[in-house]
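Chemist: If you read the protein sequences in the order shown, they are chains A and B.
Counting in the numbering used here, the first sequence runs from 124 upward without gaps.
Counting in the numbering used here, the second sequence runs from 2 upward without gaps.
It is possible that some hints are incorrect.
[As the list claims (entries may be wrong)] Dumping the calculated DSS-like pairs for lysine-lysine here, alpha-carbon to alpha-carbon at most 27 Å:
{"#": "1", "chain 1": "B", "residue 1": "LYS140", "chain 2": "A", "residue 2": "LYS393"}
{"#": "2", "chain 1": "A", "residue 1": "LYS272", "chain 2": "B", "residue 2": "LYS134"}
{"#": "3", "chain 1": "A", "residue 1": "LYS292", "chain 2": "A", "residue 2": "LYS341"}
Simulated from the structure, these hints should not be mistaken for lab results.
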Amino acid sequence: MMKKIIVFLLLATSIQSKAQELFVMTEPASNMPAGAIGVRAMNSFMYEKDGTLNYHIMPEIMWGISAKWMVHLQSFHSSRTTGGLKTEGGSIYAKYRFYSSDEMHKHFRMALYGRYSKNRADIHQDEIETMGHNTGYEGGIVATKLVNKVAVSSSLSFEKALNNMPDYKFPTTQSNNATNYTLSIGKLMYPKKYTSLNQTNINLMCEFLGQRLNANGKSNLDIVPSLQFIIRSQARIDLAYRKQLYSTMTRTAPNGFMVKFEYTFFNVTK
Amino acid sequence: MLLNFYKMNKIILVTAMLVSTFISNAQIAKVEIMATGLTCSMCSNAINKQLKTLAEVEKVDIDLNKNLFLITLKKDNQLTPKTFKDKVEKAGFFVGSMVLFMHFNNQTVEDNKQIDKYIFIDTKAQTLNGLTKVKLLDKGYVTTKEYKKLSQRFVKYTSYNNDNEQDFHLKAM
Numbered sequence: 124m125m126k127k128i129i130v131f132l133l134l135a136t137s138i139q140s141k142a143q144e145l146f147v148m149t150e151p152a153s154n155m156p157a158g159a160i161g162v163r164a165m166n167s168f169m170y171e172k173d174g175t176l177n178y179h180i181m182p183e184i185m186w187g188i189s190a191k192w193m194v195h196l197q198s199f200h201s202s203r204t205t206g207g208l209k210t211e212g213g214s215i216y217a218k219y220r221f222y223s224s225d226e227m228h229k230h231f232r233m234a235l236y237g238r239y240s241k242n243r244a245d246i247h248q249d250e251i252e253t254m255g256h257n258t259g260y261e262g263g264i265v266a267t268k269l270v271n272k273v274a275v276s277s278s279l280s281f282e283k284a285l286n287n288m289p290d291y292k293f294p295t296t297q298s299n300n301a302t303n304y305t306l307s308i309g310k311l312m313y314p315k316k317y318t319s320l321n322q323t324n325i326n327l328m329c330e331f332l333g334q335r336l337n338a339n340g341k342s343n344l345d346i347v348p349s350l351q352f353i354i355r356s357q358a359r360i361d362l363a364y365r366k367q368l369y370s371t372m373t374r375t376a377p378n379g380f381m382v383k384f385e386y387t388f389f390n391v392t393k
Numbered sequence: 002m003l004l005n006f007y008k009m010n011k012i013i014l015v016t017a018m019l020v021s022t023f024i025s026n027a028q029i030a031k032v033e034i035m036a037t038g039l040t041c042s043m044c045s046n047a048i049n050k051q052l053k054t055l056a057e058v059e060k061v062d063i064d065l066n067k068n069l070f071l072i073t074l075k076k077d078n079q080l081t082p083k084t085f086k087d088k089v090e091k092a093g094f095f096v097g098s099m100v101l102f103m104h105f106n107n108q109t110v111e112d113n114k115q116i117d118k119y120i121f122i123d124t125k126a127q128t129l130n131g132l133t134k135v136k137l138l139d140k141g142y143v144t145t146k147e148y149k150k151l152s153q154r155f156v157k158y159t160s161y162n163n164d165n166e167q168d169f170h171l172k173a174m
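The shape of chain A in the complex, shown without the other chains (with noise of 0.2 Å):
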């Protein structure tokens, strides 16, 4: 596995082209444009310990208040539990970029973020993920560099997981908060020069997650390699694979695949 991760990088830095950091697992530092409403929803095939196969979808809605400010609103369906998909819960996520240092074809910002979530799934795992299966709240801080068209992206942030709704309560013998750490890199694949704006770019991006538990030291570590279409300069198809590296925590589903839509609807608000 190590081993095709460092071809994977190899061949994803050598290969001269521009860079994108709009990151499928993670966010980066940099904000949608104000005024913009962006629409998304994240498809999620993940395979159960028995071989079949659960499907989440979470549909989110964005929005770009200020250069500075932007808050997403999102829900959570899944099919995990008998009966067709079920709305699990949802959430609240706002995202301030404080510091920008451009230049020609570069830069590097920082942003600070906030999620608090709502959840009312059963709590099955060792796993925190306010994105989903937890009531809780996540706070953290990304930086993004892009470099002659090359991005890099990394986040650390603190997540706390509360009892689930309606009466989940969080289980004692498992440690409640979490630390999350996350690698992301992108790099623009086509077209090696721009021709129009409906062209479509095509992204090569790899992320890595990981997260340790914080009061027994348990930890995780996934790898997402993904390819990304962006059609038109507005719209935006992500397929990607999540793939655990490593875990020393119950987590239930772990790997399978990802398709995520997005659609930006530009100055919708002053």
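Given chain A, work out where chain B should sit, using these hints.
Modeler: Leaving out everything else, chain B in the frame of chain A:
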């Protein structure tokens, strides 16, 4: 009474003529912006869409590889450079350079001469006529690195380091 009426009319006429020369002097025909901090076409599109919200904009031509935006404006617009800077920043990016294409009518300029809200600096005495390119030198209209250099070079122009967003420092190109 009649004479007074004529006098008044003359004054109005002269004032109107003065105002119209002054307007034609400050009239921007085109703006060329190099935006910083981006490489992707979706980012360029964000700037493009912001610029097109201005009713005074006739068209926007984009060089996606160089992040250059050439904005053609409708006649008799009253826009100032700040409008364009604000639009680029609302899209989430910054202005790396801004060149204005302005109409001049035998306008004499010299170093540190102010015409309306525009102050010519680093400029030799000359007469500007017809469509002329001028480059903005203020903070926010050049890259951060360039501004650091310019703020030292232009210490002698007291207005330059004032950070006043109402006046603009230009260099005739």
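Chemist: It remains to establish, for every hint, whether it holds in the given structure.
Modeler: Comparing the hints with the structure gives:
Of the supplied pair hints, the one linking LYS140 of chain B and LYS393 of chain A holds, its CA atoms being roughly 25 Å apart against a limit of 27 Å. Only pairs whose Cα atoms come within 27 Å are accepted, and LYS272 of chain A paired with LYS134 of chain B is rejected, the gap being roughly 31 Å. About 20 Å separates the Cα atoms of LYS292 of chain A and LYS341 of chain A, which keeps this hinted pair within 27 Å; it holds.
Consistency note: the structure conflicts with earlier hint 2 alone.
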